[in-house]
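Peer 1: Listed in order, the protein sequences are those of chains H and W.
The first sequence begins at 1 in full-length UniProt numbering and counts up by one.
The second sequence begins at 1 in full-length UniProt numbering and counts up by one.
For the record, the hints were derived by calculation from the structure and aren't laboratory data.
Hints are supplied without guarantee of correctness; some may be wrong.
In this list, chains with the same sequence are indistinguishable; a pair is considered to hold if it fits within one copy or across any two.
Quick list of in silico lysine to any residue cross-link-like pairs, SDA-like style, CA-CA up to 20 Å [said to hold, decoys possible]: (1) K112 to D156; (2) K115 to R60; (3) K41 to S254; (4) K26 to L104; (5) K41 to P242; (6) K164 to L34; (7) K41 to R153; (8) K41 to A250; (9) K115 to V22; (10) K164 to S131; (11) K164 to D253; (12) K164 to S55; (13) K115 to G192; (14) K26 to L114; (15) K164 to G251; (16) K164 to G113; (17) K41 to A249; (18) K115 to C240; (19) K115 to Q187; (20) K164 to D15; (21) K41 to G251; (22) K164 to V128; (23) K41 to E223; (24) K164 to D129; (25) K41 to G224; (26) K112 to L70; (27) K26 to D236.
2 protein chains.
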Amino acid sequence: MLEYVTDPGDPRLSDYTRLRDVELRKSLEAERGLFLAEGEKVIRRAVGAGYPIRSVLTTRRWLTSLQDVLGDATVYVVSDEIMSGIAGFQVHRGALASMERLPLPSVETLLKGLKGGPRRLLVLEDLVDHSNVGAIFRSAAALGVDAVVLSPRCADPLYRRAVKVSMGAVFSIPYARMDDWFRGLEQLREAGFRTLALTPDQSATPLEAAARSERVALLLGAEGDGLSSHWLEEADEAVCIPMSASAMAAGVDSLNVVAAAAIACHGLMRPAAP
Amino acid sequence: MLEYVTDPGDPRLSDYTRLRDVELRKSLEAERGLFLAEGEKVIRRAVGAGYPIRSVLTTRRWLTSLQDVLGDATVYVVSDEIMSGIAGFQVHRGALASMERLPLPSVETLLKGLKGGPRRLLVLEDLVDHSNVGAIFRSAAALGVDAVVLSPRCADPLYRRAVKVSMGAVFSIPYARMDDWFRGLEQLREAGFRTLALTPDQSATPLEAAARSERVALLLGAEGDGLSSHWLEEADEAVCIPMSASAMAAGVDSLNVVAAAAIACHGLMRPAAP
Numbered sequence: 001m002l003e004y005v006t007d008p009g010d011p012r013l014s015d016y017t018r019l020r021d022v023e024l025r026k027s028l029e030a031e032r033g034l035f036l037a038e039g040e041k042v043i044r045r046a047v048g049a050g051y052p053i054r055s056v057l058t059t060r061r062w063l064t065s066l067q068d069v070l071g072d073a074t075v076y077v078v079s080d081e082i083m084s085g086i087a088g089f090q091v092h093r094g095a096l097a098s099m100e101r102l103p104l105p106s107v108e109t110l111l112k113g114l115k116g117g118p119r120r121l122l123v124l125e126d127l128v129d130h131s132n133v134g135a136i137f138r139s140a141a142a143l144g145v146d147a148v149v150l151s152p153r154c155a156d157p158l159y160r161r162a163v164k165v166s167m168g169a170v171f172s173i174p175y176a177r178m179d180d181w182f183r184g185l186e187q188l189r190e191a192g193f194r195t196l197a198l199t200p201d202q203s204a205t206p207l208e209a210a211a212r213s214e215r216v217a218l219l220l221g222a223e224g225d226g227l228s229s230h231w232l233e234e235a236d237e238a239v240c241i242p243m244s245a246s247a248m249a250a251g252v253d254s255l256n257v258v259a260a261a262a263i264a265c266h267g268l269m270r271p272a273a274p
Numbered sequence: 001m002l003e004y005v006t007d008p009g010d011p012r013l014s015d016y017t018r019l020r021d022v023e024l025r026k027s028l029e030a031e032r033g034l035f036l037a038e039g040e041k042v043i044r045r046a047v048g049a050g051y052p053i054r055s056v057l058t059t060r061r062w063l064t065s066l067q068d069v070l071g072d073a074t075v076y077v078v079s080d081e082i083m084s085g086i087a088g089f090q091v092h093r094g095a096l097a098s099m100e101r102l103p104l105p106s107v108e109t110l111l112k113g114l115k116g117g118p119r120r121l122l123v124l125e126d127l128v129d130h131s132n133v134g135a136i137f138r139s140a141a142a143l144g145v146d147a148v149v150l151s152p153r154c155a156d157p158l159y160r161r162a163v164k165v166s167m168g169a170v171f172s173i174p175y176a177r178m179d180d181w182f183r184g185l186e187q188l189r190e191a192g193f194r195t196l197a198l199t200p201d202q203s204a205t206p207l208e209a210a211a212r213s214e215r216v217a218l219l220l221g222a223e224g225d226g227l228s229s230h231w232l233e234e235a236d237e238a239v240c241i242p243m244s245a246s247a248m249a250a251g252v253d254s255l256n257v258v259a260a261a262a263i264a265c266h267g268l269m270r271p272a273a274p
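Excised from the complex, chain H in its bound form:
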């Protein structure tokens, strides 16, 4: 159903308001239970993953590219000027969709869904940067991680920037959010996962030597600060990515979290089933 909108202040567009205002968007999206998908490819993946469309905002030029997936969704058509005025940036591939969030499973339900055999979990503690969360989901999905568990305060994978950077990988990998940070690792261990805390500390066990258990949960800490001391202590084992001695001497003593996560996911990858 097409609706042409010519006033940028039109209340029908309120799902799309002030897209670069992170704080406002966080509360608005939580209140209304929505998230935004940007660009044809990402919108297709969100629809494919079963998220219902609330509405789509696009310009005349991009109207046809999505026609086959829109069903009877409401499509607001605006001019290029209104589009970039509302978004505050060039909209990637000309379309934004407001999608309904689905209820997240509890960690318990998520873990029960991972039947026996070798399994790989990534656990993110308090990451603040949405781009990093998106990039880590993209690596995790590409490299065969089975599921992601978030600490209570970790940044939202369905925030627009995370969705975009993940290229929609946030829709293809199951995830859940812990209720209880303090006892979070206990729950993972009870489900049979060996918890490995990734640290830059080069005296820890090299990642690949530790990753041979059947069920592994790799813990990744926040940008800058790394894992909390509570999780470092609670984990079954501290593991590190071996770094070059000359780099350490020159003061290049850590990797950024996206790089570390990629190497870790790659190192955790289980051999292909026979």
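Given the coordinates of chain H, work out where chain W should sit on it, guided by the hints.
Peer 2: Frame of chain H; chain W shown alone:
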């Protein structure tokens, strides 16, 4: 030498003008042969790597933190308002330094400097994003890559954003820029390097199986497009990072370039010398 500046338009501050205007900064920095280092840690690393200071811009609050490395450099002291007005953003750790560029070695000189034994080169073709270039230098340095070679059009590692994201790793790893993109790989081969083209194509040789040569140059392509077909054809071998079959089926068919570079650098790491 301290100079207090109260007028944001003062010509003494012209090295620091319009920091977020990428195009202007590119030409200004090239013309004057300068680059900017941001924050105490990065400025220290630049000075430590032998780059001369042209001047430093800071506020009263941060003045003491750098005193020991500044020597007789000119230090412009401004108010917090002028600082963020000039920069257009919150300056990380309160100081910016305008540094003199040093002449880059030719690729020939760079390669001659890498004596015998196992060596690892990273070759970046036409990356456009300065954050990605910075993050890749950080991974390369931490994981023991010996040097980086840039294609003629690859983004500048000394651009402020690249320097910052690299956390100064751009100062600790030697690099050079090719003059000739078309014949660039020839020169690497003549220096004894086996050129490996990294591609998402899963029919290529898995990276780790190909990385056993003594001297390896790993080629990384631009965001989105990947390597040019010319380099893909010219390379000795195409290599890939094995991805999860279920992810490929779900359309998550590649890694971002920072994640891919990190895995590749890690996979190339030679065993520690005995």
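Peer 1: Confirm or reject each hint.
Peer 2: Taking the hints in turn, this is what the structure says about them:
{"no.": "1", "hint": "K112 to D156", "result": "neither (23 Å within a copy, 49 Å between copies)"}
{"no.": "2", "hint": "K115 to R60", "result": "neither (47 Å within a copy, 60 Å between copies)"}
{"no.": "3", "hint": "K41 to S254", "result": "between (34 Å within a copy, 14 Å between copies)"}
{"no.": "4", "hint": "K26 to L104", "result": "within (17 Å within a copy, 46 Å between copies)"}
{"no.": "5", "hint": "K41 to P242", "result": "neither (37 Å within a copy, 23 Å between copies)"}
{"no.": "6", "hint": "K164 to L34", "result": "within (15 Å within a copy, 35 Å between copies)"}
{"no.": "7", "hint": "K41 to R153", "result": "neither (29 Å within a copy, 29 Å between copies)"}
{"no.": "8", "hint": "K41 to A250", "result": "between (43 Å within a copy, 12 Å between copies)"}
{"no.": "9", "hint": "K115 to V22", "result": "neither (37 Å within a copy, 51 Å between copies)"}
{"no.": "10", "hint": "K164 to S131", "result": "both (8 Å within a copy, 17 Å between copies)"}
{"no.": "11", "hint": "K164 to D253", "result": "between (30 Å within a copy, 15 Å between copies)"}
{"no.": "12", "hint": "K164 to S55", "result": "within (18 Å within a copy, 39 Å between copies)"}
{"no.": "13", "hint": "K115 to G192", "result": "within (11 Å within a copy, 49 Å between copies)"}
{"no.": "14", "hint": "K26 to L114", "result": "neither (30 Å within a copy, 51 Å between copies)"}
{"no.": "15", "hint": "K164 to G251", "result": "between (33 Å within a copy, 14 Å between copies)"}
{"no.": "16", "hint": "K164 to G113", "result": "neither (27 Å within a copy, 42 Å between copies)"}
{"no.": "17", "hint": "K41 to A249", "result": "between (44 Å within a copy, 15 Å between copies)"}
{"no.": "18", "hint": "K115 to C240", "result": "neither (28 Å within a copy, 30 Å between copies)"}
{"no.": "19", "hint": "K115 to Q187", "result": "within (16 Å within a copy, 52 Å between copies)"}
{"no.": "20", "hint": "K164 to D15", "result": "within (17 Å within a copy, 35 Å between copies)"}
{"no.": "21", "hint": "K41 to G251", "result": "between (41 Å within a copy, 10 Å between copies)"}
{"no.": "22", "hint": "K164 to V128", "result": "both (16 Å within a copy, 18 Å between copies)"}
{"no.": "23", "hint": "K41 to E223", "result": "between (29 Å within a copy, 17 Å between copies)"}
{"no.": "24", "hint": "K164 to D129", "result": "both (13 Å within a copy, 16 Å between copies)"}
{"no.": "25", "hint": "K41 to G224", "result": "between (32 Å within a copy, 14 Å between copies)"}
{"no.": "26", "hint": "K112 to L70", "result": "neither (34 Å within a copy, 59 Å between copies)"}
{"no.": "27", "hint": "K26 to D236", "result": "neither (34 Å within a copy, 49 Å between copies)"}
The structure fails to meet hints 1, 2, 5, 7, 9, 14, 16, 18, 26, 27 from the earlier list, while all remaining hints are met.
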